[in-house]
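**Student:** Use the sequences and the hints to build the structure in full.
Anchor point for the sequence shown: position 182 equals 182 in my numbering, and the numbering is continuous, going up by one each time.
What the hints contain is simulated information worked out from the structure, not anything from laboratory work.
All values derive from a computational prediction rather than experimental measurement.
Incorrect hints may have been included.
[To be verified] Simulated DEER-style distance windows between Cβ atoms: (1) C167 - S208: 27 to 35 Å; (2) M45 - G147: 43 to 51 Å; (3) P246 - A339: 18 to 26 Å.
For every residue, glycine included, the Cβ atom is placed at its ideal position computed from N, Cα and C.
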Amino acid sequence: SEEVVRATILRLVNGFDRGTSGMRPLIAYRLVEVLNNGAHPPVAMLGSVGMADIAQMAELAHGVLGDLTLAPKDAISLVDNDAFSTALAALAIHGYGRLLDAFDAAGALDLEAFAANLTILHAAVGREHPYPGLQATIASLRGLLEGSYLWDENAARNLQDPLSFRCLPQVHGAAREALAYSEKQLAIELNGSQENPLVVLEESRIVSVGNFDPLVLASALDFLRIALAPVVTASCERLIKLMQRPFSGLPEGLARAPAAAPTPFPQLSYIAAALTGEARLLAQPVSFELPTTTIAEGIEDRMTFAPLSARRLAEMVALAERVVALELIVAVRAIELRAPERLGAGTATIAAQVRERLGVRGTAGGRIDVEPIVELVRSGALAPEAIGT
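**Tutor:** Given below as structure tokens:
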């Protein structure tokens, strides 16, 4: 995509700025010119084993250099790096962070829709189990639920809710731990040297190195997908339980009345389960994969599949966006049926946004169109700073 190509060029230029590539400034200026003009060549998404994205970078270089004549070290500096993998990773990780905000928003709505027990957000939870991700999630949920009826005495229906509700801070917190770790590794790959050979300016030497091996980033991307799988699974469980009377105490299928026309909401259970199953399959790690050791006569016997890991993360995020959109739709309907005295300051804003999007073009003839809510999730409008919590 154009977004990936632009991100790749930007990473390439940023790497050349270190002065360790041996690249002439003329080449970097041409790359900046391409960025500014928007004249991006097409680049294949497939074909890199994650040990320098040689095929993609060669294709990119061929498309942007035009009539420029290459000098010694120019060509290898253009192709022997991981700019493509790093660009894919940066875009996917950005989407991951935005997605976690949406899951917090939906989770807070779920707690109100379920009339859940908010002791799970007690200050002692994060203090005595001091993971930063857990603490951040608790703070996020408390902010969204500020002023909610759930803080009233005896508001909760159960002493202990199902684990998908009760362990929501821990599940989301684990994903935030993975995100924080991955952002740290990504920053190094975005700003460090990935070239081989490496120019050591202070010694006036060129040395052969292995900095094109992005295993730390590739394994971090695997970590992100593994941590996201339980988030998506718990989301699916919560939205299904909200529609089941034995769990939620609400009308079966979230029907407005026993004699009302059949509701489309139960069908969302199947859709959510299908999306969740597909998303979980993408969590399989790939950074240890090694299909062959015979490339380059056995010399290149290492692979990381970093671009595959990044691509799978982007695909998993896209599926998860649909699951959380379904969760938002179901939670808002459940809240309407429970009709609590008051929602939290943040959850009231979120519910209003969901209703507005569905009211404009989200429902027709008993059919629920999830696309407006997917757009809401992708827009970043569910981030705490956007909601004002």
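**Student:** So, for every hint listed, does it hold in this structure?
**Tutor:** Structure-based check of all given hints:
1. C167 - S208: 27 to 35 Å: 49 Å, violated
2. M45 - G147: 43 to 51 Å: 47 Å, holds
3. P246 - A339: 18 to 26 Å: Roughly 20 Å apart at Cβ, these two residues keep to the hinted range, so it holds.
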